[in-house]
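Given the sequences, and given the hints that come with them, work out the whole structure.
These protein sequence lines map, in sequence, to chains A and B.
Numbering-wise (this note's numbering), the first sequence opens with residue 1 and increments by one.
Numbering-wise (this note's numbering), the second sequence opens with residue 1001 and increments by one.
Read the hints as simulated data drawn from the structure, not as lab findings.
These figures come from a predicted structure and were not determined experimentally.
Take these hints with a grain of salt, some might be off.
What the hints assert, rightly or not - Here are the simulated lysine to any residue pairs, SDA-like style, with alpha carbons at most 25 Å apart:
#: 1; chain 1: A; residue 1: Lys219; chain 2: A; residue 2: Tyr28
#: 2; chain 1: A; residue 1: Lys282; chain 2: A; residue 2: Val244
#: 3; chain 1: A; residue 1: Lys144; chain 2: A; residue 2: Leu105
#: 4; chain 1: B; residue 1: Lys1110; chain 2: A; residue 2: Arg122
#: 5; chain 1: B; residue 1: Lys1110; chain 2: A; residue 2: Gly119
#: 6; chain 1: A; residue 1: Lys144; chain 2: B; residue 2: Ala1017
#: 7; chain 1: A; residue 1: Lys143; chain 2: B; residue 2: Val1176
#: 8; chain 1: A; residue 1: Lys141; chain 2: B; residue 2: Val1176
#: 9; chain 1: B; residue 1: Lys1014; chain 2: B; residue 2: Val1176
#: 10; chain 1: A; residue 1: Lys144; chain 2: B; residue 2: Lys1014
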Amino acid sequence: MVAPVRQETAEKDRPSPLVETRSLTKRYGPRITAVRELDLRVERGEVYGFLGPNGAGKTTTLRMLLGLIRPTSGSAAVIGEKPGSPAGLEKIGALVESPAFYPYLSGRDNLRVMARYSGASRSRIGEVLEQVELSGRAKDKFKKYSLGMKQRLGVAAALLKDPELLILDEPTNGLDPKGMADMRGLIRRLGKGERTVLLSSHLLGEVEQICDRIGVISKGSLVAEGAIAELRGREGIMVRATPVEEAAQIAEKLAGVEEVTVNDGALRLTADPERAAEINAKLVSAGLRVSELRPAEQSLEELFLELTDGETV
Amino acid sequence: MLASFRAELLKIRKRPATWVLALVWFVLLVLFGYVFTYTFAANPPDPPKDQPAAVQQQQEAINKQLLDSLLPENMLKTLFANGTFNLGAAIVLILGAMAAGSEYGWTTLKTSLTQRPGRFGFLSGKALAVGVFIVLFVLLGLAAGAASSYDVAYLEDATVKWPPLEEMARAVGVGVLTFGAWGFLGFALAMLFRGTALAIGLGLAWALAVENTIALLPIDSDWWKGFRRLTLGENTASLGSIFGDPNPSFGIPAPLVEPERAAITLGIYVAAFVALSLFLLLRRDVT
Ligand SMILES: Nc1ncnc2c1ncn2[C@@H]1O[C@H](COP(=O)(O)OP(=O)(O)O)[C@@H](O)[C@H]1O
Ligand SMILES: [Mg+2]
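Have a look at this one:
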């Protein structure tokens, strides 16, 4: 009778995630399922990378988190609020897909409009322009801006409320290498401290550089989630031994081996490669013939390709 | 809603197209309401010498009547009963369609909505701001009419006598109902089609072609009349007629609807167009 009570307190003590979705699903018509049964958790203070190839469902998910589109089924809570409710949006800054502003207004006037919508104070406008290094061009019309400047204005608008949660949807899309580097530097700075950042990207390198934790989405489903180190750290040992079934059974019982998978007649053990010699000895002494044994580190790239069925990332 | 209202005011005020429309409205009113008529009335063609004196007198009487209608005391008749304000209907239809449709064209809906306002607040604030500009366009029309009629009085050495204040107030009301119905028709069409182009195209086709055709079709049945009583043009014409009979040489048919009913009908149209827009925005995904 004691155990369940303890479990309950543990549940309560754990800080609630800033973003949490449960079986979030969006279908367009009978054939397209853009997002499928998605369970996403973004913890307070982290920079979360939402990684997936084009068309995987990133934007659709983010739009659901912002209340722009309604899920077909499932639910989401953002900062404890229903998506799209003014109480939640008050604490969220977002840039969804390409930055969209009123073309005939200057950058500053666009921010004035947005500040009126959000209730942000006028003094914030100068500050955020400074933050994205757009002060010098604030008087120019939005339609005269380069793509990089438009993206930065989008980030500036997202920052007006000094938000707890910053949602950025592929903010480096279409930028030249210098623009990309600048934007990544900016996001890294913005993610320091208390602020939580949810960054979507189709570029593995980008989220590797910027994010603490990533979730990988492919064809609408979350296929992996974890800290970068955790995902990358799935190092192990590759073993070819016969008979393979017996080898697998023995390997599973060895101390320090977490997981055994059989692939193409070879075993992949999730274990510290340092222990290769020891494992070899154990297998041989059990009467198995070991023909190959080497450390096998899976790169994030390989993992990613595997998770997304080789779609280009 | 107030936040959204203030944001929208800034957007409309700073939009060059708004002021282009205002200018076009001003020019249309001055030209079609006054300049053309005045030029014609002040420079009548020389009557043929061999006409009998009675015909010549009749011609002069018509000219006199035309000139009189351009004087300040008849300003509201010229602006409303003679249908000058209907020219503005097309302009405010475009104004309303642009305010709603551009958010889709520029995909700014997502940017504005994610700032905070909530869909209800966003749209009601927007509609209110459009309403303010509709009132401004009505006032601009009245001012342009006043200025033009004053000029005619000056040119003709006539005494300047303005319509009584309460008539002016009624004119503002009639103008707002007329422009409101057309402006929010454009607004609702733009919400429906998620853009300006189709909304303006269909709206203008309806305003300029369909309604006029409906009024002219020689169908004499009760249900057809009942349908005609619901058209915007019929109702705005009825409201306009409270300021006097239209100039007979303009050939404007007598209205089918009583003015009180017309005012209520137009008011219901405004509310219905705004409600439809709200319904569409609240229901649909923003993609
Ligand atoms: N409005 C829509 N109607 C139909 N299909 C859509 C719509 N929006 C997105 N999709 C589809 O949903 C899938 C996910 O799209 P999206 O979320 O934009 O992916 P990502 O942002 O990861 O590139 C794609 O297959 C896309 O074609
Ligand atoms: Mg996308």
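Going through the hints against the structure:
1. A:Lys219 to A:Tyr28: Since the Cα atoms of Lys219 (chain A) and Tyr28 (chain A) sit roughly 14 Å apart, the hinted pair holds (cutoff 25 Å).
2. A:Lys282 to A:Val244: It holds: about 15 Å lies between the C-alpha atoms, which stays within 25 Å.
3. A:Lys144 to A:Leu105: holds (10 Å)
4. B:Lys1110 to A:Arg122: holds (21 Å)
5. B:Lys1110 to A:Gly119: holds (17 Å)
6. A:Lys144 to B:Ala1017: With Cα atoms ~18 Å apart, Lys144 (chain A) and Ala1017 (chain B) stay inside 25 Å; holds.
7. A:Lys143 to B:Val1176: violated (34 Å)
8. A:Lys141 to B:Val1176: Roughly 33 Å separates the two Cα atoms, so the pair is violated.
9. B:Lys1014 to B:Val1176: holds (22 Å)
10. A:Lys144 to B:Lys1014: holds (16 Å)
The structure fails to meet hints 7, 8 from the earlier list, while all remaining hints are met.
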